Amino acid sequence: MANRQLTFSIFRYNPHTPEIKPRMQEYRLEELPGMTMFVALNKIREEQDPTLMFDFVCRAAICGSCAMLINGKPRLACKTLAKDLPARITMFPLPVFKLIGDLSVDTGTWFRHMSLKTEAWVHSNKQFDPAKPEDRMDNETALKIYEAERCIECGCCIAGCATANIREDFLGAAGINRIARFMVDPRDERTGEQYFEIMGTEEGAFGCVGLMACDDNCPMQLPLQMQLAFVRRKMAAVGWKYKPQAV
Amino acid sequence: MSMLTSSTDVLVIGSGGAGCRAAIAARGEGARVMLVTKDRLEHGGVTLMAPFSCCAAFGHADRRDNSGEHFKDTVQGGAYLSNRRLVEVFAAEAPQRIRELEAYGVTFDKNGDCYEQVAIPGHSFPRGVHAGFETGRQFQKALNKEIRKMDITVREYFMVLDLLLEGDRVAGVLAWDMAAGQFEVVCCRSVVLATGGVQELYHPYCSATAGTTGDGHALALKAGAVLVDMEFIQFYPTCVVWPPVLWGLHEVSMLVYMLQGRLYNKLGERFMPRVDPRRAELTTRDLLSRGIAGEILAGRGSPHGGVYLSVSHLPQNAVRDFMEHWFPGNVMRGYDLNGAGLDVCRDAFEVAPFAHFTMGGVKIDADGRTSLNGLLAAGEVAGGLHGANRLQGNALAETQVFGRRAGLAAASQQTAERGEPMPAAHRALERYRGWLSRRSGKSHHHFRRRLQELMWEKAGVLREGDGLKRAAAELYALRQEFERAVALRDDGMVYNHEFMGALETANMLDVAQAVILAAGAREETRGAHARLDFPSRDDENWLVNGLVQYTDGAWSIRHEPVAAAVETGGMAGGD
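In the order they appear, the protein sequences are chains A and B.
No gaps in the numbering here: position 54 of the first sequence is 54 in the numbering used here, and each next residue is one more.
No gaps in the numbering here: position 383 of the second sequence is 1383 in the numbering used here, and each next residue is one more.
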């Protein structure tokens, strides 16, 4: 059977040459066995158009660089197979993030803002003593932290989020997941009130309107819906000034 | 084109494990620190790719283990070319750095108060600590958090083009701020290179990230610094080349190590017993790579440029049970084997060796100081620790031990006045302006592809004197043509991906020269360097390190004896 001819309709725009209006450009490519969108884009760039802009680092679904809208859905290009798509494929950059050009967006600025806003580091007054073992942590807690840290910060949850598309300051599922990670970590000495300052707001856990596209779109299948529920429960508990049951 | 200037005390280039640790250490000493990366803090660097082990001699699994044992294993694994002083501080300090990462937020797998330490090939005792199967990512994320906490200036999309010298001292860098679309001179007291390896030279046979274009190696070369052990590139023997959707997946090595999977050439011959009659496929990584590459070169490879890896000699239910236990749902590192149309019980993968790690790099002392005043290096860009071959589990620990040491040394760099290296910057700029203004010529992809083919064929797993000579001649011509003819279709300055690609390709061309020069000079086979014309190890003549340098427009190589340890004054290790 002959290979399919694929038609890629790709969004082209460089914000620094605004005189050239945004447009869709078409490229044709023969489908190869096992072709991913990452492979296809590289072939286009190497063989047809060296000016096409898109991001990738690891080529193996680890780094989270190559997220984009593929036929309307936020996906990693390196994990999306041509054989699962129709012969006509459209590609847009992720919304919400600042456009660098074509399919490339600046997720770095967004994640830096989120990290600083949530103060995403271990808050501890303990001095590090290299000779002393760390305090014990039970296995269940360690697994919860590990699970939250599987986030590859690709931005799919943010791009697919209705609230994030409307509210610039919404911290989104990535931010809520990040805060959940510190809430369960006994090494972090922040109090419920301190977390409430960050997350008990419309920018935080209460801005979410519960559409849960984040959960559907996460390429790492993180339990984002559960994390939201966890953080909301905690925040509600602090907000109503009573001690919650163990969660 | 206008040019901005800025200043800092310590400039760290690269935001992987070593770069982040160096920045944290330097800032902790009170220095002003600027950490720059050509990508983004969350995505750049190869550290986050490391799935599993980080070795440190805690002795938690076996109380006989200690830093002396780790020293011995590392020296032996490196085929006796490791700088003993580097190995000494590495083995001694690795455990402290692991503890520190735990304080930063990494959740290691533990048994009570003890780290779970697993057996790793090449290490005499169970020594590998890990955070699930995502150790590298957990490291990187914890380090990123510390970076955000401290008052460290992070510049993303910021590529350093040249080191700027004032006299014999590095006084700053010429860089390109992609977001602003401007060239920028950063004046500083010291520069820490932490840019990773050169594996992209062998793409598509490259198991690292796409950014491993040897940027730091090239910066050091262009400034006249000494590089060491550049002939040693580690290849991971069994990476998938077919089915293509699994390209590069190296976890299939589990089928070799745990199921005694077999390798066949296209004639159906099991060839590894010829290479190592006793261990066959269970031999060391270097011999396995050589065996596979030998079949491919001899024209006995599989249709897609590899050899067959199969476990079909085993009962199908035994294979199914194994897969269900280790890779539930037949999913390996997120890749669905069923979706790839492959039945592990019956079908063979096609596998080939992929460039995995760069042992060689900028020559450093135990504090990360290089041969140039004001220039430091740490992590994969530095050379000397691993000698001729790196042991599994030693790379992550290296980033932490030497990142910290280089950061401390950089912060203590005493320089009276900060210079104004503007004339040097303007001279360096001419070259890049030339590329940007050239209207017709060839895309940098053209040069990169040709270089990668040349490196894979003539300076890859198996090398040979005549081939290396031809490679040197071809590379010379390629470099000349690149300078003359590389042209960009996009001449913008803001986030110009094509310009960035051309800069990387230029770096790769420089680094390739160093690899070929060093490989041609070493007339023996040792560790990751295999010469068909000199197939055995020659301790009489070659227990020396090769030093490559580029000065006054000329390349040179010389050799010097391996550096001894300080604490013991000795060269002990192994045997």
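A hint or two may mislead.
Unchecked claim - Simulated crosslink set (DSSO-like; lysine-lysine; CA at most 30 angstroms straight-line):
| # | chain 1 | residue 1 | chain 2 | residue 2 |
| --- | --- | --- | --- | --- |
| 1 | A | Lys79 | A | Lys98 |
| 2 | B | Lys1110 | A | Lys144 |
| 3 | B | Lys1149 | A | Lys132 |
| 4 | A | Lys126 | A | Lys98 |
| 5 | A | Lys43 | B | Lys1149 |
| 6 | A | Lys241 | A | Lys144 |
| 7 | B | Lys1072 | B | Lys1110 |
| 8 | A | Lys132 | A | Lys144 |
| 9 | B | Lys1149 | A | Lys126 |
| 10 | A | Lys126 | A | Lys241 |
| 11 | A | Lys73 | A | Lys83 |
| 12 | B | Lys1149 | A | Lys117 |
| 13 | A | Lys144 | A | Lys73 |
| 14 | A | Lys43 | B | Lys1110 |
| 15 | A | Lys117 | A | Lys21 |
| 16 | A | Lys21 | B | Lys1442 |
| 17 | A | Lys43 | A | Lys98 |
| 18 | B | Lys1110 | A | Lys126 |
| 19 | A | Lys132 | B | Lys1222 |
| 20 | B | Lys1222 | B | Lys1442 |
| 21 | A | Lys98 | A | Lys73 |
| 22 | A | Lys98 | B | Lys1149 |
| 23 | A | Lys83 | B | Lys1266 |
| 24 | A | Lys132 | B | Lys1110 |
| 25 | A | Lys144 | B | Lys1072 |
What the hints assert, rightly or not - Interface residues of chain A toward chain B, partial, derived using beta-carbon atoms under 7 angstroms:
| # | residue |
| --- | --- |
| 26 | Gly34 |
| 27 | Met53 |
| 28 | Ala61 |
| 29 | Ala142 |
Rather than coming from a laboratory, the hints here were simulated on the basis of the structure.
Treat the numbers as computed from the prediction; the structure is a model and nothing was measured.
Even for Gly, the Cβ is constructed at its ideal location relative to N, Cα and C.
Consistency of the hints with the structure:
Note on A/Lys79 and A/Lys98: the hinted pairing holds, with a Cα-Cα distance of about 23 angstroms set against a maximum of 30 angstroms. Taking the CA atoms of B/Lys1110 and A/Lys144, the gap is near 15 angstroms; set against the 30 angstroms cutoff, the hint holds. A threshold of 30 angstroms between alpha carbons decides the hint, and for B/Lys1149 with A/Lys132 the separation of about 24 angstroms falls inside it, so the pair holds. Between A/Lys126 and A/Lys98 the alpha-carbon distance is near 38 angstroms, which puts this suggested pair outside the 30 angstroms criterion.
Between A/Lys43 and B/Lys1149 the alpha-carbon distance is near 40 angstroms, which puts this suggested pair outside the 30 angstroms criterion. Restraint check for A/Lys241 and A/Lys144: the C-alpha separation of about 25 angstroms stays at or below 30 angstroms, so the hint holds. At most 30 angstroms may separate the alpha-carbon atoms for a hinted pair to count; B/Lys1072 and B/Lys1110 meet this at roughly 26 angstroms. With a C-alpha separation of about 24 angstroms, the suggested pair A/Lys132 and A/Lys144 falls inside the 30 angstroms cut-off, and the hint holds.
Between B/Lys1149 and A/Lys126 the CA atoms are separated by roughly 15 angstroms; this keeps the pair inside 30 angstroms, and the hint holds. For the hint linking A/Lys126 to A/Lys241, the alpha-carbon distance of about 28 angstroms falls within 30 angstroms, and the restraint holds. Using a Cα cut-off of 30 angstroms, the hinted pair A/Lys73 and A/Lys83 holds, with the two alpha carbons roughly 16 angstroms apart. For the given pair, B/Lys1149 sits about 11 angstroms from A/Lys117 by alpha-carbon distance, which is consistent with the 30 angstroms threshold.
For the hint pairing A/Lys144 with A/Lys73, the CA-to-CA distance comes to about 28 angstroms; that is within 30 angstroms, so the pair holds. Restraint check for A/Lys43 and B/Lys1110: not satisfied, since their Cα atoms lie roughly 45 angstroms apart, outside the 30 angstroms limit. Of the supplied pair hints, the one linking A/Lys117 and A/Lys21 is violated, its CA atoms being roughly 35 angstroms apart against a limit of 30 angstroms. Restraint check: the Cα-Cα separation between A/Lys21 and B/Lys1442 comes to about 27 angstroms, which is no more than 30 angstroms; the hinted pair holds.
Taking the CA atoms of A/Lys43 and A/Lys98, the gap is about 26 angstroms. The hint holds against a cut of 30 angstroms. Straight-line distance between C-alpha atoms of B/Lys1110 and A/Lys126 comes to about 21 angstroms, which keeps the hinted pair within the 30 angstroms bound. At most 30 angstroms may separate the alpha-carbon atoms for a hinted pair to count; A/Lys132 and B/Lys1222 exceed this at roughly 44 angstroms. Only pairs whose Cα atoms come within 30 angstroms are accepted, and B/Lys1222 paired with B/Lys1442 is accepted, the gap being roughly 24 angstroms.
The hinted pair formed by A/Lys98 and A/Lys73 meets the criterion: a straight-line CA distance of about 18 angstroms does not exceed 30 angstroms. Between the alpha carbons of A/Lys98 and B/Lys1149 the distance comes to roughly 24 angstroms, so the proposed pair stays at or under 30 angstroms and holds. Restraint check for A/Lys83 and B/Lys1266: satisfied, since their Cα atoms lie roughly 28 angstroms apart, inside the 30 angstroms limit. With a C-alpha separation of about 15 angstroms, the suggested pair A/Lys132 and B/Lys1110 falls inside the 30 angstroms cut-off, and the hint holds.
For the proposed pair A/Lys144 and B/Lys1072, the alpha carbon gap of about 38 angstroms is over 30 angstroms, so the pair is violated. The beta carbon of A/Gly34 comes within 3 angstroms of a beta carbon in chain B, closer than 7 angstroms, and the hint placing it at the interface holds. Taking 7 angstroms as the C-beta cut-off, the interface hint given for A/Met53 holds, the closest approach to chain B being about 5 angstroms. A hinted interface residue such as A/Ala61 counts as satisfied when its beta carbon comes closer than 7 angstroms to some beta carbon of chain B; here the least separation is about 5 angstroms, so the hint holds.
Look at A/Ala142: its Cβ gets to within about 4 angstroms of chain B, closer than 7 angstroms, so that hint holds up.
Figure legend: structure checked against the earlier numbered hints; hints not met, in rising order: 4, 5, 14, 15, 19 and 25.
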